[in-house]
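For the protein sequence lines, the chains are A and B, in the order given.
Residue 40 in our numbering sits at position 37 of the first sequence, with consecutive numbering throughout.
Residue 396 in our numbering sits at position 29 of the second sequence, with consecutive numbering throughout.
The hints are simulated quantities; they were obtained by calculation from the structure and are not laboratory data.
We put the beta carbon where it would ideally sit given N, CA and C, even for glycine.
Check the hints yourself; a few may be wrong.
To be verified - DSS-like, lysine-lysine: derived pairs with alpha carbons at most 25 Å apart:
#1 Lys-25(A) with Lys-408(B)
#2 Lys-61(A) with Lys-381(B)
#3 Lys-25(A) with Lys-387(B)
#4 Lys-387(B) with Lys-45(A)
Said to hold, decoys possible - Derived coverage of chain B by chain A (criterion: at least 3 residues anywhere in the stretch with Cβ under 8 Å from a Cβ of chain A; other residues may be distant):
#5 437–448
#6 465–479
Claimed, not checked - If you want the ones that stay clear, here's a sample from chain B, every Cβ over 12 Å from chain A, calculated:
#7 Ser-385
#8 Lys-422
#9 Lys-433
#10 Pro-453
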Amino acid sequence: GENVEQHPSTLSVQEGDSAVIKCTYSDSASNYFPWYKQELGKGPQLIIDIRSNVGEKKDQRIAVTLNKTAKHFSLHITETQPEDSAVYFCAAIISGSARQLTFGSGTQLTVLP
Amino acid sequence: GAVVSQHPSWVICKSGTSVKIECRSLDFQATTMFWYRQFPKQSLMLMATSNEGSKATYEQGVEKDKFLINHASLTLSTLTVTSAHPEDSSFYICSARPLYEQYFGPGTRLTVT
Numbered sequence: 004g005e006n007v008e009q010h011p012s013t014l015s016v017q018e019g020d021s022a023v024i025k026c027t028y029s030d031s032a033s034n035y036f037p038w039y040k041q042e043l044g045k046g047p048q049l050i051i052d053i054r055s056n057v058g059e060k061k062d063q064r065i066a067v068t069l070n071k072t073a074k075h076f077s078l079h080i081t082e083t084q085p086e087d088s089a090v091y092f093c094a095a096i097i098s099g100s101a102r103q104l105t106f107g108s109g110t111q112l113t114v115l116p
Numbered sequence: 368g369a370v371v372s373q374h375p376s377w378v379i380c381k382s383g384t385s386v387k388i389e390c391r392s393l394d395f396q397a398t399t400m401f402w403y404r405q406f407p408k409q410s411l412m413l414m415a416t417s418n419e420g421s422k423a424t425y426e427q428g429v430e431k432d433k434f435l436i437n438h439a440s441l442t443l444s445t446l447t448v449t450s451a452h453p454e455d456s457s458f459y460i461c462s463a464r465p466l467y468e469q470y471f472g473p474g475t476r477l478t479v480t
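In isolation and in its complexed conformation, chain A is listed as follows (with noise of 0.2 Å):
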């Protein structure tokens, strides 16, 4: 079955600056990628998603790119602010399977005032 990794497990940034968090997968038949950002006490919101026809997808401050031979996607987050502090999990799927989303350890996100 899929295995995804997810690294770092936390990260620390000063408002402003970047954050990028990094996911591998292990099932090369996997072709959705979607990034959640779970705030404590709620449910993950779907933020991003990546498909595999596809090497980068931005959404303002919020970018993903994938590395389809490499079989590893990342979530790129510019200009942080306070609020972007939570957990934010990848998983990976075979769209249109039935298979279950494959996730990511996640990340607790920490931006610095």
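Once you have looked at the hints, place chain B on chain A.
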């Protein structure tokens, strides 16, 4: 955007009683819904996958007689924790998938005393 609601957001019950948690997709139909459990500072653990009109598929180690799942319609799934024990105390999160994307509810904090 796609919204998934959960009710209640938190519940306290006594050992031996049963608790029902509702999950609704508010603005889309979901043929597949998922139930997750999350312990503090950990990733999401899939408990079961439910398809509308059919029996849920439980993950290994999840007692189907203890965690009853009913996916009665394309917008509603319920999780009933039967004969609750203190070790069932956890954060339960439902999720629904309209197509490729998967959206999560806000979670239900269950405390069994």
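For each hint, the structure was consulted:
1. Lys-25(A) with Lys-408(B): With Cα atoms ~19 Å apart, Lys-25(A) and Lys-408(B) stay inside 25 Å; holds.
2. Lys-61(A) with Lys-381(B): With a Cα-Cα distance of about 48 Å, the restraint between Lys-61(A) and Lys-381(B) is violated, given a limit of 25 Å.
3. Lys-25(A) with Lys-387(B): violated, 37 Å
4. Lys-387(B) with Lys-45(A): Judged against 25 Å, a Cα distance of about 19 Å means the pair holds.
5. 437–448: violated (count 0)
6. 465–479: Result for this restraint: holds, n = 9.
7. Ser-385: holds, 23 Å
8. Lys-422: Since the minimum Cβ distance to chain A is about 14 Å, Lys-422(B) lies beyond 12 Å and the statement holds.
9. Lys-433: Holds, because the least Cβ-Cβ distance between Lys-433(B) and chain A comes to about 20 Å, which exceeds 12 Å.
10. Pro-453: Given that every Cβ of chain A is farther than 12 Å from that of Pro-453(B), nearest at about 20 Å, it holds.
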